[in-house]
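A.B. asks: Next come the chains, spelled out residue by residue.
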Amino acid sequence: MNVIRKKYPIILTYIVLIVAGAVFLLPFIWMVSTSLKPDTQLFVSPPVWIPNPIAWENYYRAVTVVPFFTYMKNTLIVASLATAGAVISTPLTGYSLARIKWKGRELLFIITLAVMMIPSQVTMVPLFIIFSKLDLVGTFLPLILPSCFGVPFFIFLMRQFFKQLPRDLEDAARIDGCSEFGIYFKIMLPLVQPAILTVALFQFMNSWNDFIGPLIYLNDEAKYTLQLGLQQFKQAYNTIWNQLMAASVLVVLPIILLYFFVQKSFIQGITFGGVKG
Amino acid sequence: MFSARTIAGIRPRMVWKRRGIESRRAKYGYIFALPWMTGLLLFYAYPLLSSIYYSFNKYNVISPVEWVGLNNYKELFNDPLFWTGIKNTLYYALFAVPISVVLGISLALLLNMPIRWRSFFRTVFFIPTLVPVVATAIIWQWLLNPQFGLINHLLETIGIGGPPWLGDPKWSKPSLILMAQWGIGNSVIIYLAGLQDISKDYDDAARVDGASGLRKVWHITLPLLTPVIFFNMIMGIINALQVFTLPYALTYGTGNPANSLLFYSMHLYNNAFLYMKMGYASAMAWILFIVIMTITLLLFRSSSRWVYYHGDQ
Numbered sequence: 001m002n003v004i005r006k007k008y009p010i011i012l013t014y015i016v017l018i019v020a021g022a023v024f025l026l027p028f029i030w031m032v033s034t035s036l037k038p039d040t041q042l043f044v045s046p047p048v049w050i051p052n053p054i055a056w057e058n059y060y061r062a063v064t065v066v067p068f069f070t071y072m073k074n075t076l077i078v079a080s081l082a083t084a085g086a087v088i089s090t091p092l093t094g095y096s097l098a099r100i101k102w103k104g105r106e107l108l109f110i111i112t113l114a115v116m117m118i119p120s121q122v123t124m125v126p127l128f129i130i131f132s133k134l135d136l137v138g139t140f141l142p143l144i145l146p147s148c149f150g151v152p153f154f155i156f157l158m159r160q161f162f163k164q165l166p167r168d169l170e171d172a173a174r175i176d177g178c179s180e181f182g183i184y185f186k187i188m189l190p191l192v193q194p195a196i197l198t199v200a201l202f203q204f205m206n207s208w209n210d211f212i213g214p215l216i217y218l219n220d221e222a223k224y225t226l227q228l229g230l231q232q233f234k235q236a237y238n239t240i241w242n243q244l245m246a247a248s249v250l251v252v253l254p255i256i257l258l259y260f261f262v263q264k265s266f267i268q269g270i271t272f273g274g275v276k277g
Numbered sequence: 278m279f280s281a282r283t284i285a286g287i288r289p290r291m292v293w294k295r296r297g298i299e300s301r302r303a304k305y306g307y308i309f310a311l312p313w314m315t316g317l318l319l320f321y322a323y324p325l326l327s328s329i330y331y332s333f334n335k336y337n338v339i340s341p342v343e344w345v346g347l348n349n350y351k352e353l354f355n356d357p358l359f360w361t362g363i364k365n366t367l368y369y370a371l372f373a374v375p376i377s378v379v380l381g382i383s384l385a386l387l388l389n390m391p392i393r394w395r396s397f398f399r400t401v402f403f404i405p406t407l408v409p410v411v412a413t414a415i416i417w418q419w420l421l422n423p424q425f426g427l428i429n430h431l432l433e434t435i436g437i438g439g440p441p442w443l444g445d446p447k448w449s450k451p452s453l454i455l456m457a458q459w460g461i462g463n464s465v466i467i468y469l470a471g472l473q474d475i476s477k478d479y480d481d482a483a484r485v486d487g488a489s490g491l492r493k494v495w496h497i498t499l500p501l502l503t504p505v506i507f508f509n510m511i512m513g514i515i516n517a518l519q520v521f522t523l524p525y526a527l528t529y530g531t532g533n534p535a536n537s538l539l540f541y542s543m544h545l546y547n548n549a550f551l552y553m554k555m556g557y558a559s560a561m562a563w564i565l566f567i568v569i570m571t572i573t574l575l576l577f578r579s580s581s582r583w584v585y586y587h588g589d590q
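Order-wise, the sequence lines are chains A and B. In terms of our numbering, the first sequence is residues 1 to 277. In terms of our numbering, the second sequence is residues 278 to 590.
Source of the hints: derived by calculation from the structure; they are not laboratory data. Do not take every clue at face value.
[Stated by the list, open to error] Below are the DMTMM-like pairs computed for lysine to aspartate or glutamate, each with C-alpha atoms no more than 25 Å apart in a straight line:
#1 A:Lys223 with A:Asp135
#2 A:Lys7 with B:Asp481
#3 B:Lys304 with A:Asp176
[As the list claims (entries may be wrong)] Which chain B residues face chain A? A few, computed with CB under 7 Å, are given here:
#4 Ala303
#5 Val401
#6 Pro409
[As the list claims (entries may be wrong)] Negatives, chain A to chain B, calculated, CB over 12 Å:
#7 Tyr59
#8 Arg61
#9 Thr64
#10 Pro67
#11 Phe69
#12 Leu76
#13 Ser80
#14 Lys163
#15 Gln164
#16 Ile187
#17 Pro190
#18 Gln193
#19 Leu197
By construction, the Cβ of each residue, glycine as well, lies at the ideal position given by its N, Cα and C atoms.
Given these sequences and hints, build the entire structure.
C.D. replies: Right under this line is the structure:
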């Protein structure tokens, strides 16, 4: 009797999780299935789950109907430069806020937290005006420059990581005559590698998935990023679902592969603000 | 830890020595923080202040700035689409946020049970959040296609005539709310981490007192989870009030059918970058900012009544 009462909730948990999991996976399965369907199997009832024959050519068409690889190249340029910028700038500030005492440090920290509350809609318009006066609209720079100066959330994350490091290490290095920059680059920076990886990952993701930034600043199709290109593709060919799905798979796949390689950093970055912050 | 002598003798000297180093190091503090201080001025402070200024002006980037006083704000109150945007956005936030809180906690509670393949299930709920929004829009537009979509087909097999989803102004917002739940994985992960932080002592105490199952969840787990719930709720509301990318990608910025998917931020974007009404858009942005700040403040005020923090926090 007792065993049954104990087992019952667990079995129920499995049932609910499997059903809910299936619902969450369904869109992926349907996306892949549709991406491999010949045109004739798209609009049929009952729907075809496993396409026959498999229409691999949808993928070929998806990357040739629109300049997919140009979009990919543009996205990689923007994402990797923005990531490099964030990875260089945010540990600098995080280190300064965590490990050096100076007047105004607390104030800068509070301001850094406060600016996270500003909706991007407020700064969006003046920033566009600045960039258009600098004649940079239509280039990648408005999408890259801001992260090179620092990103508030990442600075916060870096600060918390630097704070956890023991004091003895830098004291020892200082006695050995190491300069402040030497301490930072040779001793402290290597110790916060996991945090740097998290910052890199999230900045890369944000740039890869960014839609509104490219929408505002890129007006020439040769400069489009993947998100903008995909939107363009959708607008131009909104009923050829198999090719649209093939293009979607190609945009989604790199990110999901990335996730499986660096799962831990992902989870760390997400839980940081909510639980450990 | 320290004997009386160390406290009296060695410690103060070390502290004194450190102070000397600290004051010499202070200038490095400024040097290291300099890029971010520049960034704060360029990308936050200046835009924030000039946005107030633009909101009292007429400006289309090409012709000179023209002072119009409160005209942008007056014009807004007579703009029917401004009110449509507010109505749609509030509708969205009012349903999407509570649904995602309940669904997120439920999934996290299930994942926190002593089950096998926990990391597999966690991954299943998480990966949809990795899908770029434009791809999400494409996938769901196809799934929710009224005639040939998979969802309506599945509904038909159990005898339900599916609605026209995104094609009908009455169903378009519920469709969007449904799609948003697909990306709930982020908050599930945060709730789960919060649940795993709750000490097992509470569990044991509850078992000794004879509480089990749902009663334990309601009286012990959920109160202890309130700080995390509060965090997710604040983030959820802030994001919902700014909802933009998914409805924009779905409708190419039109907000159709019948403006039912025209959200506040979309109207703002259209004014700024379609009609080049920079002042008007700035006024809209400031109204949004003030509304978000007020709601956040009210939530923080209410938090002392329902958010439970451990004694030391």
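A.B. asks: Taking 25 Å as the top limit, are the C-alpha atoms of Lys223 (chain A) and Asp135 (chain A) close enough?
C.D. replies: holds, 16 Å
A.B. asks: In terms of Cβ atoms, is chain B entirely out of 12 Å range of Lys163 (chain A)?
C.D. replies: Given a closest Cβ separation of 14 Å, the condition holds.
A.B. asks: Would you mind confirming whether the straight-line C-alpha gap from Lys7 (chain A) to Asp481 (chain B) stays at or under 25 Å?
C.D. replies: holds, 19 Å
A.B. asks: Using Cβ atoms and 12 Å as the threshold, tell me whether Pro67 (chain A) really stays out of contact range of chain B.
C.D. replies: The claim stands: Pro67 (chain A) keeps its Cβ more than 12 Å from every Cβ of chain B (closest is about 16 Å).
A.B. asks: For Leu197 (chain A), is the shortest beta carbon distance to chain B beyond 12 Å?
C.D. replies: holds, 17 Å
A.B. asks: Taking the closest pair, is the beta carbon of Ser80 (chain A) still more than 12 Å from chain B?
C.D. replies: holds, 17 Å
A.B. asks: Would Leu76 (chain A) pass as off the interface with chain B, using Cβ distances and a cut of 12 Å?
C.D. replies: Given that every Cβ of chain B is farther than 12 Å from that of Leu76 (chain A), nearest at about 14 Å, it holds.
A.B. asks: Checking a non-interface call: every C-beta of chain B should be farther than 12 Å from the C-beta of Arg61 (chain A). Is that right?
C.D. replies: Answer for Arg61 (chain A): holds, closest chain B Cβ roughly 15 Å.
A.B. asks: Any CB of chain A closer than 7 Å to the CB of Val401 (chain B)?
C.D. replies: Holds. Min distance 4 Å.
A.B. asks: Please check whether Pro409 (chain B) passes as an interface residue: C-beta within 7 Å of a C-beta belonging to chain A.
C.D. replies: This hint holds: Pro409 (chain B) lies near chain A, its Cβ roughly 4 Å from the closest one there, short of 7 Å.
A.B. asks: In terms of Cβ atoms, is chain B entirely out of 12 Å range of Gln164 (chain A)?
C.D. replies: Holds, because the least Cβ-Cβ distance between Gln164 (chain A) and chain B comes to about 17 Å, which exceeds 12 Å.
A.B. asks: Can you verify the interface hint for Ala303 (chain B): is its Cβ closer than 7 Å to any Cβ in chain A?
C.D. replies: holds, 4 Å
Every hint from the earlier list agrees with this structure, and none is contradicted.
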